Each structure stands twice: as C-alpha cells, then as structure tokens.
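Listed below, chain by chain, are the residues.
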Amino acid sequence: MSAITPDNLKDAVVRALTSIAPEINPAMIQPGVSFREQLDLDSVDFLNFVLALHDALDVDIPEADYPKLTSLDSAVAYLAAASRSS
Amino acid sequence: MPSLGADMEAGTLVEWLKHPGDVIKRGDIIAIVDTQKGAIEIEVFEDGLIEHVIVQPGQQVPVGTVLARIRGEREPVVSVVPETRAPLPTPAAVVARAPAVAIAAQPPGPARPEPRRRLRVSPIARKVAADLSVDLAQVHGTGPQGAITRGDVERAAAALKAAAPAAVAAVPPPAPAPAARAAAMRTAIAAAMARAKREIPHYYLSTTIDMHAALEWLRAENERRPMPERLLAIVLLIKAVGLALRVVPELNGHWVDGAFRPGAGMHVGCAISLRGGGLVAPAIHDVDRKDLGTLMREMRDLVNRARAGSLKSSELSDPTITVTNLGEQGVEATFGIIYPPQVALVGFGTVRERPWAVHGRVEPRRLMTATLSADHRASDGHRGGLLLAAIDRLLQTPEQL
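Sequence order for the protein chains is A and B. Counting in numbering that gives the first Met the number 0, the first sequence runs from 0 upward without gaps. Counting in numbering that gives the first Met the number 0, the second sequence runs from 0 upward without gaps.
Since the hints were made in silico from the structure, they are not lab data. What you are looking at is a predicted structure, and each value in this text was computed from that prediction instead of being measured. Certain hints may be false.
With a cut-off of at most 20 Å between alpha-carbon atoms, the simulated SDA-like pairs for lysine to any residue come out as follows [unchecked claim]:
id, chain 1, residue 1, chain 2, residue 2
1, A, K9, A, E36
2, A, K67, A, S42
3, A, K67, B, P225
4, A, K67, B, T141
5, A, K67, B, E222
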C-alpha cells in the first residue's frame with residue numbers, strides 16, 4: 000500500500016461515504032460535524048461505511064471504536080493512528 | 000403484471016431477460032418491471048418454457064395483465080395450446096396461465112431476433128397478415144388450438160397502427176426522474192395507507208422490553224466476529240418476531256375476501272426508508288428458520304438493493320407481517336399502520352437508558368418500547384399481547400435466537 004497521508008485517508012473516507020450514499024456532495028461535508036447529523040445515515044449505512052473503510056484500507060476496526068468514526072475529522076484521525084500502530 | 004404490494008396499480012415492462020423458446024426454472028428472473036418502487040426483477044414460480052411474450056418493453060399495463068405465456072413442464076409440446084388453464088392461486092402470480100387476451104404488436108423499431116416456433120395460421124389470416132405487414136410471430140392466436148385467425152391479425156394490425164405514432168416506444172423509456180418517482184411512490188403509499196385505515200380495524204398494544212441481555216450478548220458476539228460478519232441489534236429483533244409468530248400464527252398472514260389466510264412462512268417485511276423520501280417494506284423470507292448471520296447478510300443486501308432500486312418481485316409480494324424500526328431517529332414508540340392485506344405490524348422504538356426495577360432494586364437499564372398494530376378482524380388483543388410477551392421472552396435469551 001502506498002504511503003498513508005491525512006489527505007489520502009480523507010479521500011478514502013469520502014469515497015466510502017459516497018459509495019453508500021451517492022447523493023452526498025463531498026464539498027458540502029462539514030469535517031467536524033457527525034455524519035448522522037448532516038447526512039441521512041442509518042445503522043445499515045454506517046455499517047456499510049465501516050466495511051467500505053475496512054476493504055479500502057485493510058484495517059480491522061473493533062466495534063467498540065465505531066463511535067470514533069462518526070465525523071470526517073475523527074475518522075481520519077482514528078485511521079491515521081490505526082495505520083501507524085499496525 | 001404481478002401485484003407488488005397493495006399500493007401498486009400498474010407497471011412498465013422494461014426488459015425481457017428470457018425469450019420465447021427459453022426453458023425456465025422456478026425462481027428464474029424473467030423480466031424487469033419498472034414501478035414506483037424502482038426496477039423490480041420478476042421471478043417465475045414454475046418450471047416450463049416461454050411460449051411467447053405478450054407485453055413488449057416500454058408498455059405500461061395494469062396489475063393482472065398477462066405478460067407472457069409459459070408452457071408448464073408436463074404440458075403437451077409443439078404448437079398445441081391447452082384450451083383452458085387454471086389461474087395461479089396467488090394474486091402475485093407473475094405469469095397468468097389463463098388464455099391470453101391481449102394482442103401485442105411489435106413496436107416499430109429493430110426487430111428482436113426470436114427462436115422460430117411453429118404457428119397455426121389459417122390461409123386467409125396468412126394472406127391478410129402479408130397485406131397488412133403484420134409479423135405473425137407477434138400475433139396471439141385465439142382460434143382452435145391457438146391458431147391465428149383473420150380477426151387476430153386484424154386486431155394486431157390495429158394495435159400496431161395505434162402504437163405507431165409513439166415511435167419512441169421502440170426503446171424502453173428512460174427511468175423516471177427521481178422527483179417523479181418520489182411523487183408516484185407518495186401517491187401509492189397514500190392509497191395503501193388510506194385503504195388500511197378505511198378497512199382495517201386496528202388495535203394497538205405496547206410493552207417495554209429490557210434490552211440489557213440482548214445488547215450485552217451482541218457486544219460480546221461482535222467482539223469475536225470478523226468485521227464483515229458483525230450483527231446489528233435489529234437482526235435480533237427481526238428474528239425474535241419470526242420465532243414469536245410461531246406462538247401466535249394468526250398474526251402472520253393476510254386478510255383476503257373476508258377471511259384470514261395464514262402465511263406460507265414467516266416472511267418479515269422490513270420497512271426501509273429511501274433516500275429522498277418514500278418507503279418500501281420488502282420481505283426477508285423464513286426468518287424463523289435462519290441464523291442471525293444469514294439474516295444480517297440478507298437484511299444488508301435488502302436495504303442496499305431497496306435503495307438502489309433493484310428488488311425482486313417475491314420480496315415485495317410475499318411479506319406476511321411488517322417490522323418497522325424508527326428507533327434510530329430517537330423515536331420512543333411507533334404505532335404503525337398495517338400494510339394491507341397483512342394483519343399485523345410490529346414497531347420498535349429507540350433503546351434508551353432509564354431507571355428500571357430489577358430484582359427489587361432500581362438500576363439504570365437500556366429499555367426499548369415494542370408495539371403491535373393488529374387487525375381486530377384476524378386476532379384479539381389477548382393474542383396480540385402474547386406476541387409481544389413472546390418477543391420479550393426471546394430477547395432475554397439472545398444466545399438461543
């Protein structure tokens with residue numbers, strides 16, 4: 000896998016989001032606001048989102064950490080930490 | 000044209016996936032039909048051979064219209080068409096076996112290559128067909144043993160002429176704009192819900208369920224499951240409903256012609272909200288007989304396909320009860336409207352931590368309100384109460400679900 004930078008992690012998160020909800024305009028995502036608040040996501044959507052990250056980045060995310068993936072900023076921070084420790 | 004729910008009046012044939020001469024097996028997808036619920040894959044319920052298709056791509060026809068003629072596996076071969084055939088028992092029947100009445104003229108445009116079949120055509124019909132430029136392969140015969148008569152050809156010619164101004168009909172119409180589809184779906188939901196409130200004497204029950212055991216079990220279970228196999232709580236709820244229906248089977252089925260008809264299985268319709276508005280409630284089949292992992296996969300697949308607009312006909316026509324879960328929006332309790340002709344709907348609210356008395360002590364517990372809307376013609380409140388009690392009991396021993 001190529002070098003992981005915050006930018007390509009952000010791209011990966013946005014790609015995962017738009018793959019489950021194609022109507023999302025990436026430019027409109029507020030990075031500090033929870034996805035559920037600004038995007039109409041339910042639990043199946045969120046599960047699909049987490050699995051899309053799992054597939055794209057080859058990371059294993061414990062369910063207990065799912066709450067850390069609920070906004071763009073927190074998801075990028077979590078994934079950056081996870082990729083450093085692996 | 001199968002009825003894909005009480006709210007559907009018509010559908011547009013988009014594409015035939017099987018063609019005359021093709022051998023088909025029960026469960027095969029033979030066509031795509033566009034409805035206000037998206038493009039639906041039409042399955043067939045018997046083995047046989049497609050004799051001919053009657054409705055052409057681009058045509059919108061009312062529910063109940065014969066789409067194609069299928070010859071059953073053990074029926075005579077070649078061009079003999081049995082005189083009468085019994086209609087299929089289910090209202091959702093895809094391909095009616097009654098003699099076809101519609102005459103379909105090939106819309107103008109590139110001809111679809113079709114396997115040759117033997118035709119019975121009277122000589123005068125053959126001549127008239129040649130005079131009027133009618134393709135005999137596209138004419139449905141109403142004469143003895145399915146023979147094509149002069150009248151059949153003339154009607155086909157008239158239909159062809161009527162279709163001609165609409166030259167665009169040669170290609171399947173583009174999918175309706177999302178706004179148009181949303182409006183059509185709104186109209187359909189309005190019709191079904193108005194019918195439910197007009198015809199169904201609802202009664203409503205509610206109970207509070209302690210979700211501690213179920214959620215603790217789920218947490219531990221998900222810790223040991225690999226990511227793609229983890230479960231959502233809703234799957235436990237759906238399974239509990241399926242099993243509880245064994246206790247109160249009169250809540251599982253349909254009210255048709257003044258009588259209750261038990262469902263053929265525990266086919267739980269899952270209310271799924273669509274992006275941009277609207278709602279569908281396709282079935283997960285035989286919920287009581289599937290393990291949680293299977294139910295999770297099927298539910299995820301169902302939600303994804305419902306939102307992509309690609310459900311199967313059996314998923315829309317089969318539900319024997321509906322489950323709705325509005326808890327994710329923080330709703331505490333939902334008293335739903337039954338989707339006719341079903342006779343019950345189970346609603347789940349949000350899970351919230353509250354003070355609750357356990358073994359004589361007040362403790363914070365995660366609680367959920369479960370409700371039942373049921374048709375009083377088919378069941379009484381006492382029996383409805385048993386269903387909610389059974390769901391509660393099942394959720395206290397989640398490892399057995």
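Evaluated hints:
With a C-alpha separation of about 19 Å, the suggested pairing of K9 of chain A with E36 of chain A holds against the 20 Å cut-off. For the proposed pair K67 of chain A and S42 of chain A, the alpha carbon gap of about 15 Å is at most 20 Å, so the pair holds. A C-alpha spacing of about 19 Å is found between K67 of chain A and P225 of chain B, which places the hinted pair at or below 20 Å, so the restraint holds. Under the criterion of a C-alpha separation no larger than 20 Å, the hint pairing K67 of chain A with T141 of chain B is inconsistent with the structure, at around 68 Å.
For the hint linking K67 of chain A to E222 of chain B, the alpha-carbon distance of about 16 Å falls within 20 Å, and the restraint holds.
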